[in-house]
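Chemist: Chains as they are written, first to last, in the numbering used here: chain A, 34 to 436; chain B, 4 to 378.
It is possible that some hints are incorrect.
[Stated by the list, open to error] With the Cβ distance kept under 7 angstroms, some of the chain A side facing chain B (calculated, not the full set):
#1 Gly59
#2 Met67
#3 Leu77
#4 Asn156
#5 Leu158
#6 Met159
#7 Val173
#8 Pro174
#9 Leu177
#10 Leu181
#11 Gly184
#12 Gly392
#13 Met406
#14 Leu410
#15 Tyr413
#16 Ser417
No lab work stands behind these hints, which were simulated from the structure alone. Beta carbons: idealized from backbone N, C-alpha and C, even for Gly.
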Amino acid sequence: MATIETSSGSSQNALLRAWNNKESRGVIVQIVTMALVFGLGAYLVRNAVVNLDALGKGISFDFLSDTASYDIGFSPFIEFTSRDSHFRAGLVGLLNTLLVAVCGVILATVVGFIVGVLRLSKNLLMNRISYCYVELIRNVPVLLWILLVHGFIISNLPQPRDFRGVEGVENSIFFLTNRGFYVPSPEFQPLAWAAAIAFIIGVVGAIVYAKRAKKIQEDTGKISPVLLVSIGLVIGLPIVVFIVTGLPWEWSYPELKGFNFQGGAALKPEFLALWLALSLYTSSFIAEIVRAGIQAVSHGQTEAAHALGLRNNRTLQLVVIPQALRVIIPPLTSQYLNLTKNSSLAIAVGYYDLVATLGGITMNQTGREMECMSIVLLIYLVISLLISAFMNWYNQRIKLVER
Amino acid sequence: MTDTSMSSGSYPPGQHPDFPPPKNLVGPMAWIRENLFGSVTDTILTLLAIYILYLIIPNMLEWAVIDAVVDAASRQECREISESGACWALITAQFTKSIYAFYPPDERWRPNLAFILMFVALGPILFDKFPARSKMFFFSIAYPFIAGWLLVGGIGLESVETTQFGGVLLTIVIGVVGIAFSLPIGILLALGRASKLPAMRTLCTVFIEFIRGVPLITLLFVASTMLNYFLPPGTQFDLLLRVLIMVTLFASGYVAEVIRGGLQSMPKGQYEAADAMGLNYWQSMRLIILPQALKVSIPGIVNTFIGLYKDTTLVIIIGLFDVLGIMKSSLSDPEWNGLAAEAYIYTAVFFFISCFAMSRYSIYLENKLHTGHKR
Chain A
34 MATIETSSGS SQNALLRAWN NKESRGVIVQ IVTMALVFGL GAYLVRNAVV NLDALGKGIS
94 FDFLSDTASY DIGFSPFIEF TSRDSHFRAG LVGLLNTLLV AVCGVILATV VGFIVGVLRL
154 SKNLLMNRIS YCYVELIRNV PVLLWILLVH GFIISNLPQP RDFRGVEGVE NSIFFLTNRG
214 FYVPSPEFQP LAWAAAIAFI IGVVGAIVYA KRAKKIQEDT GKISPVLLVS IGLVIGLPIV
274 VFIVTGLPWE WSYPELKGFN FQGGAALKPE FLALWLALSL YTSSFIAEIV RAGIQAVSHG
334 QTEAAHALGL RNNRTLQLVV IPQALRVIIP PLTSQYLNLT KNSSLAIAVG YYDLVATLGG
394 ITMNQTGREM ECMSIVLLIY LVISLLISAF MNWYNQRIKL VER
Chain B
4 MTDTSMSSGS YPPGQHPDFP PPKNLVGPMA WIRENLFGSV TDTILTLLAI YILYLIIPNM
64 LEWAVIDAVV DAASRQECRE ISESGACWAL ITAQFTKSIY AFYPPDERWR PNLAFILMFV
124 ALGPILFDKF PARSKMFFFS IAYPFIAGWL LVGGIGLESV ETTQFGGVLL TIVIGVVGIA
184 FSLPIGILLA LGRASKLPAM RTLCTVFIEF IRGVPLITLL FVASTMLNYF LPPGTQFDLL
244 LRVLIMVTLF ASGYVAEVIR GGLQSMPKGQ YEAADAMGLN YWQSMRLIIL PQALKVSIPG
304 IVNTFIGLYK DTTLVIIIGL FDVLGIMKSS LSDPEWNGLA AEAYIYTAVF FFISCFAMSR
364 YSIYLENKLH TGHKR
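With the sequences and hints as input, model every part of the structure.
Modeler: In structure tokens form, the structure reads like this:
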């Protein structure tokens, strides 16, 4: 009986045996899945080819060198006129994205850390205020914050011409108007590069000093005044150089001429709205991360440090903060990443970031949806992969060495 | 001093009555001294806090309540009544529109009914003391389809174009669909990424990393401009449906990562025990691993859902009008021009209430599921 069965259905049985074996079943499942995925992919690509053929468009990136013929209102780093190419427009967009991301990260970190620490304060009033701040900010969509700040600047702040004839307007140097925030801007003379170089030397010097101080402390237990020396090197040195080279610097003040201010530097409402809204929104998440990180260091650590005779600030500096940072940094980086991705909402207030230039106007003008969107997606992917690569490297570095 | 020593001396041993604590250690004044002016830093912080409150509260009250106008026909009229107050008349005028937008007025009982049924469907999921919970679960599973039928129409109901969806209605539709479908997809993706099969793992990892690496807005652009290229020629595909698919996929990538964290926190012994019981892969996942992993990741999942709900506002950029879109468009009405603060604050209050409720629920759940080891 058994022999008959095996001889008649040998091929069927082989399949059944393969299916019942864990390893070979895994292989079958994978082959089928890959076949399905590649089949679907091929189907989509075929559709795309047919559709693009019908429209008479092939995939081509030649449009990048064509004249953009639109203006970009905000391009602080490189010159841009409507006669430049689409490629340059995309570059301006990318730089604007990075600008608002970097500015946002700095402000969000500062505000987030302050609020996070205040959230743990024993002072009931401050504690409640920071709690309200966090809950109020993070439970409202970021796009709404951007629009709210922008709307407030545009419709609730005075117009530049309202400053005409106001008492004391000649003496003030800051103007908060609905066309932007006007501040005096420094105009550097040729010798200013000396101070810039001094600044770089100061930063390098501070890092070297901090490393040496750490080594000395680990070897001998002697503690060096790292903070004071760093401040002196990073801030003091450039100032000294600056004064020695004879203050190569002139201020340009904003002045009311016609309907608007001339001179000085203007933070445009779009940039201001995007920057403030993104930073405040992200800061509320950072505050919670900081709070959780500090709370994650068990109280026993503080007690042990006190028992060793460390004073309060040394306990914080040597015991609590290093352990808290281990918990804080990974989610912090992902918040930075979120901020960068959220900066794509710039398009809602007319700030020219990557999505607004390449994925917006260029795409609409040239009709090259495929190419534009793939470039935009690729750039964001590269940014986020870089940040996660950094995060993995950091996690590896700070990982607890367990036995 | 002599008085106390005398009186304490006159009690027999063990009969000394309990005296109240010294006056300066109890009562509101002592509490204030302890909590607000304990040290120099504390005092500075308290004064700073009082100053901040002083700056914000009186001005806000004056603007939003005392000088505010609730009933007026236009911004002009508001300004005539009160020069500096908020003009809530805009909200009064736009309220119905901000909820139903362009939904046909005669059919508005349908979204209302769907909204009420949503709570009936949510009840058994959210609270384990819900009556007849196990039977009601079937209703919860069927709910998305019932609600879809109620809203879109067809079979027995007058059909409503999805282009007529808008306002709070649209926000809730996108939010609920995204939440309902991203959880199962996210679980599958997480299992795929944690799988031992290399092809599965690569596929899921690439998908998750792609989704998490790009902003939602670019995906919505892809949905609104490019998706038609990838479909057979001549296919017309509803814009709302495309947005729903994209939002769901986007959220599922994030849900998958949260659940992966939960899966990774499972001790290896759990997997080995499941194997030792002779359970196959799906059985061990369904009965042993997932119940524990999901429990650990609930706070993260709810946070993802709150994020998804807030992200529904991005649809205004590709031309759908959710509650934010309706309020934003009402600002371009010449009657109400320039009332950005009022319109956006109203929308912010709406989002705050829903998101805050969700995060409170997540905290409640966390406490309920926190079995053992709590200090």
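Chemist: Against this structure, judge whether each hint is valid.
Modeler: Hint-by-hint comparison with the structure:
1. Gly59: holds (5 angstroms)
2. Met67: Holds, because the Cβ-Cβ distance from A:Met67 to chain B comes to roughly 5 angstroms (cut-off 7 angstroms).
3. Leu77: holds (4 angstroms)
4. Asn156: Holds - the Cβ of A:Asn156 comes within 7 angstroms of chain B, reaching about 5 angstroms at its closest.
5. Leu158: holds (4 angstroms)
6. Met159: Because about 5 angstroms separates A:Met159 from the closest Cβ in chain B, which is inside the 7 angstroms limit, the hint holds.
7. Val173: holds (5 angstroms)
8. Pro174: A:Pro174 check passes; min Cβ-Cβ to chain B is 4 angstroms, inside 7 angstroms.
9. Leu177: holds (6 angstroms)
10. Leu181: holds (4 angstroms)
11. Gly184: Hint holds; A:Gly184 Cβ to chain B Cβ min 3 angstroms, cut 7 angstroms.
12. Gly392: holds (6 angstroms)
13. Met406: holds (6 angstroms)
14. Leu410: Result: holds, 5 angstroms to nearest chain B Cβ.
15. Tyr413: holds (5 angstroms)
16. Ser417: holds (4 angstroms)
Comparing the model with each numbered hint stated earlier shows that all of them hold.
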